[in-house]
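These protein sequence lines map, in sequence, to chains A and B.
Here the first sequence is numbered in the numbering used here, starting from 269 and rising by one per residue.
Here the second sequence is numbered in the numbering used here, starting from 347 and rising by one per residue.
Rather than coming from a laboratory, the hints here were simulated on the basis of the structure.
This one's a predicted model, so the numbers in the text were calculated from it and none came from an experiment.
Some clues are possibly wrong.
Calculated lysine to aspartate or glutamate pairs in the EDC-like style (CA-CA distance at most 20 Å, straight line) [unchecked claim]:
1. A:K333 - A:E315
2. B:K401 - A:D373
3. A:K312 - B:E456
4. A:K333 - B:E456
5. B:K401 - B:E430
6. B:K425 - B:D379
7. A:K312 - A:D358
8. A:K333 - A:E284
9. B:K401 - B:D379
10. B:K454 - A:E315
11. B:K458 - B:D421
12. A:K312 - B:E430
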Amino acid sequence: QVQLQESGPGLVRPSETLSLTCAVSGYSISSGYYWGWIRQPPGKGLEWIAIIYHSGNTYFNPSLKSRVTISVDTSKNQVSLKLTSVTAADAAVYYCARLASGTSDYWGQGTLVTVSS
Amino acid sequence: DVVMTQSPLSLPVTLGQPASISCRSSQSLVHSDGNTHLNWFQQRPGQSPRRLIYKVSDRDSGVPDRFSGSGSGTDFTLKISRVEAEDVGVYYCMQGTHWPWTFGQGTKVEIK
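Chain A on its own, in the form it takes in the complex (with noise of 0.2 Å):
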């Protein structure tokens, strides 16, 4: 059974720089598929920020690309997200999800980030 586990700061201060870590377990990043993030605002609706292969290839939100980073780590079967300058508007819950034609097919429960000094 395929599962992701997302976590992070959970505080983030404005203006500075976002990381979360994905943890993959019962699959093999290496072995294929993509593999992304996605967010939702508190109350809101979902969002694709990026998504990448374990090869590197990756795309991303043109309307967070200048901001966005993300990566893969197959040693420790993981996916990274940085997000620089965070906002306000940057709160959300973050999830990460694996990637099929089309579709996604698993996703993590979710990693709350709160932007605030």
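Based on these hints, arrange chain B on the given structure of chain A.
Just chain B now, kept in the frame of chain A:
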């Protein structure tokens, strides 16, 4: 970006009665691979989204057969034949044809 528009945004339903959610896309969702990548997700309160339907009408393993998806091109529908208490939550359509993939605003299903 492809805009996904769901209606209604709120859907009060009587237990045992049917429910229907519409999802319209601003562009055709037919992919160059020949598939139409329209998905439906259910998000129960306090939980992460769970995929119910992919490629318009393919139901995930373990999803009750009271859930069905239909449609083509830019117009899609999720139907629940008989709503049960466990179906309460927010339902999202998501297109996986054009990057960035995008979601509808969500439809909140509640019991009357």
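We went through each hint and held it up to the structure:
Among the hinted pairs, A:K333 with A:E315 is consistent with the structure: their alpha-carbon atoms are about 13 Å apart, no more than 20 Å. For a cut-off of 20 Å, the pair hint linking B:K401 to A:D373 stands: about 12 Å separates their Cα positions. With a C-alpha separation of about 17 Å, the suggested pair A:K312 and B:E456 falls inside the 20 Å cut-off, and the hint holds. The straight-line distance between the Cα atoms of A:K333 and B:E456 is roughly 37 Å, outside the 20 Å bound, and the hint therefore fails.
In summary, the hint linking B:K401 to B:E430 is not supported, as the alpha carbons are separated by about 24 Å, beyond the 20 Å threshold. At most 20 Å may separate the alpha-carbon atoms for a hinted pair to count; B:K425 and B:D379 exceed this at roughly 26 Å. Using a Cα cut-off of 20 Å, the hinted pair A:K312 and A:D358 holds, with the two alpha carbons roughly 12 Å apart. Restraint check for A:K333 and A:E284: satisfied, since their Cα atoms lie roughly 16 Å apart, inside the 20 Å limit.
Distance hint between B:K401 and B:D379 is fulfilled; the C-alpha atoms sit about 12 Å from each other, no more than 20 Å. Of the supplied pair hints, the one linking B:K454 and A:E315 holds, its CA atoms being roughly 18 Å apart against a limit of 20 Å. As the CA atoms of B:K458 and B:D421 are separated by approximately 27 Å, the hinted pair breaks the 20 Å bound. For the proposed pair A:K312 and B:E430, the alpha carbon gap of about 25 Å is over 20 Å, so the pair is violated.
Going through the hint list in order, the structure does not satisfy hints 4, 5, 6, 11, 12.
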